[in-house]
Amino acid sequence: MAPRAERGAWRSWFYGYAAPERGAVILGHRRVYIVPTRLGLLFGGTLAILLMGSINYAMSLGFALTFLLGGLGIAGMVHTARNLAQLAVSAGRVEPVFAGEQAPLRLLLSSQAPFDRPQILARHVASGAQQVVELGTRETAEAVLAVPAVQRGWLPYGRMMLETRFPLGLFRAWSYVEPDARCLVYPRPVRSPLPPRSPDPRAGAALAQAPGNDDYSGLRAYQLTDSPRHVAWKAAARSGDMLTKQFSGEAAAELMLEWAQLPHGAGTEERLSRLAGWVIAAERDGLRYGLRLPGVEIAPDRGTQHRAACLQALALYGLQEVRG
Amino acid sequence: MSAPAAAAVAHPFAPELRPIGAQDLAGLLIALALVVAPHALRAPWWLTLLTVLLYAWRCLALRHPDILPSRWLLLAIALAAMAGVWMEYRALFGRTPGIVLLVLFSGLKLLELRSQRDGTAVVFLAWFLVITNFLYSQSIPTALAMCAALALTTASLVGFSAPRRDLRANLRTAGLLLAQAIPAALILFVLFPRVQGPLWGLPQDAYTAMSGLSDTMSPGNLSQLTLSDAIAFRVEFEDEMPPRRSLYWRGPVLWDFDGRTWRVGSPGFAQAPPPRPQSGAVDAGRYAYSVTLEPHNRNWLFAIETAGMVPERARLLDDGQIVSLAPIRARMRYDMVSHTDLPPDPAVEPWQLRRALRLPAGFNPKAVALAESWRRESPGDAAVLQRAAEFFRRSQLVYTLEPPLLGQDSVDEFLFRTKAGFCEHFSSALVFLMRAAGVPARVVTGYQGGDLNPVDGKVTVRQSDAHAWAEVYLVDRGWIRVDPTALAAPGRLEAGLARSVPTAQELPFLMRPELQWLRSVRNQWEALAHQWNVWVLGYNPDRQRELMSLIGMEDVDWRGLAAALMTVLGALVVVLVAWSLRGHARADPVSRAWLAFCRKLGKRGVARAPHEGPRDFSERAAAQLPAMAQAIQRIAALYIALRYGGDAPAEKVAELRRRVSEFRPA
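So the protein sequences, as listed, match chains A and B.
Heads up: the first sequence is residues 1 to 324, going by my numbering.
Heads up: the second sequence is residues 1 to 666, going by my numbering.
None of these hints come from the bench; they were simulated from the model.
Where hints are given, some of them may not hold.
[To be verified] Think about it this way: if two alpha-carbon atoms lie no more than 25 angstroms apart in a straight line, the pair counts; the simulated SDA-like pairs of lysine to any residue are:
hint : chain 1 : residue 1 : chain 2 : residue 2
1    : B       : K109      : A       : A48
2    : B       : K109      : A       : I49
3    : B       : K603      : A       : A48
Using the sequences and the hints given, assemble the complete structure.
Have a look at this one:
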């Protein structure tokens, strides 16, 4: 086995690029490979028979036909490679998913060519997720490849293959791209009852005043971080202003979701899963919640950004930040 | 290449899984109908009908897919049809039965066509059918029809691989592909090393479609031939053309008569080279010309009497026939020199003369009696010939294309009862009479005359110019030509067939005098067809060698040709690839400047994150490189204004580019 660095150099020479690549990758001619398909081989056999017939019967037009078809093959090969060449490939923005779900990896294919590029297959090599994309003249299209997210953490894009057989189906051109992009995978959430609100000395007094978050206590102006579940849609429809329902318990109900609250026997992944379940439930219930993991602490807050921050902390807990 | 997990997922481009759209199928149907039609016209009627039914079935199924037959039914039809073909031809693999079966299978394959793979296979089958059409005809109309079929099949292939694309776009792509195929095809056509076929033995029936003179002559078979307008050969004279009455194109010489049929003897090769005129008379009656001979599947080459040379790969027989060493199965061109005024050579082998006197006993008693009376009353052979000529001039024999049928004593019946015949009757009668009178004589067949095409100045000789005349041997003078038809119907030579037969008779359509305008159209057409024949169809190993020496490649062998071919083809592919890269809108100058800026910063360790906008990025960069902050912010502001500001004034673009190129993060 060659040392790892050397293998990487060999790979990058072989594939014509060093993976993964940042930003938009333009498929240069050097990295578009082309071989005949099985139909292409059959085409070659057909030409050979036609040529032999032409020689045997000394048919000039037979030669002309055979050679025209030969020229057609050559032109078709160039067209097939052209269908991929100079295509700009980049990763699109990917929303985080939970482990066990499908991560919709987005690939942006952008053509600056004065011709259309029909029938381009984008495929995620490792999982086989694939989609056929049609690109118009100077158009950008998006392929969404649903790749199973198995583990929490970063899911790198990995190698993507682009393939086409247009226009004759006799040749297959393909190219590999490995965009430097990744999808965040949250731990697989496990539902369990929220922990009892901790008798936090700072929050204790407030807790006593607050009967709970189910008691409606009025309306206030909408803030971006408010959960859509709490928007007073009926009132908004009447007045035209976005208003948020306030519950009497809300201001006071602060919940700290803690690693330490979970049973000691539970493994890391199980704890993270239950914590993720709690984060989801707490957010759904409109609570103010915080997160405390060994070495990580997120102050109580509310809203989608907060929820995302908590889940990201869970997703990346204990993982080495390789890059970024 | 891909991980095992991927193998389980069906490949969306797998040809056996891609269905075919009705539109592409319709195009394929039309293309197949085009290539099958000429074959269907030649096939037995029941097979044509069956094929038409299969095609119609498929057409109906375009709208009602549920009427497609099952595989078992198709198999049954195929077996029944094969049995039928066997009954018809007693073979399945000869050329004609093979093609007929191919035609039928095209219909069957259409009915079981489901996927792109089937469709592509049918396209390949269509190409086979195209090339089999060329076995029968390689004319310009055939070529045009086949080009249309080729374009349609190409469009079908494009349609199969881009089913969701607009039909017109697919047709455009097909046209573009074919247009780009033409240069490569031309290069291959000219440079591909040609070898003289055939590579393997040809089927027995390979050349039955060709028409021309035969090696036998019996009453009726030549007049059949003269009803054909087909071209026998075309001639280009170097200088002037001999008078029409001298245009005797010598073909097979018939020696042996069995009472009804004349046959070619088995003459030996001439011992001496062809005769040359005495010095001094060199130019009188000397004509140099080249002949483009249509294939007739026989060995004869035709030349005006008397030939003064022998072309390459041909021999002169001692009765004056020129024969090629191989049957003429492709159009060929040869140069020739003839001397119309050359006196014949009196020296002849005695056995030839004995053979030229042989007659079957018991036939034509009246003719024999007449000949014997001439012999008794004449002092010598020349006088007998004189009597015979007189007889033909006087006895009011009628020249006709529709001679009455003759019985056992064909010469007697023609001379004394029906008195109407064609040149084969005239020549046969004269030679019979001369032999009966003891004068050596033989029948010569060939062509007489030819039409000057005013468009290209070439002379066209058609099958309708087929002719038969006689040669009589006179001591001291040698074999001299006697044309009994000319004696009886003098107009035949000067005016051609059209004016020497009574007007009510059926002439080949275009030979009728009232169709002058049509003839001129035909002249134009045939001039074009001649160029086609010479340059396209007649392009063979010899012509390739000629052409190569014209461009300075003397004595090039196949290796030289292959090297030249690869070089030129390689250059062509480079041109095509360059074409395929043309027209990509390069990133506009603003984007290019911005990307260059990002690269420069990236090298300095401030790489832009994939989704970082210009403002965020420049702020971060400015914070990390405070020394450059001003330049960075100016560039970012310019870029943002140009990119998102709507219009892009040229001086701003220039400023951005200048600033980026001057930007050097230390």
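Worksheet item: Looking back at the numbered hints, which does the structure fail to meet, lowest number first?
Response: The structure breaks only hint 3.
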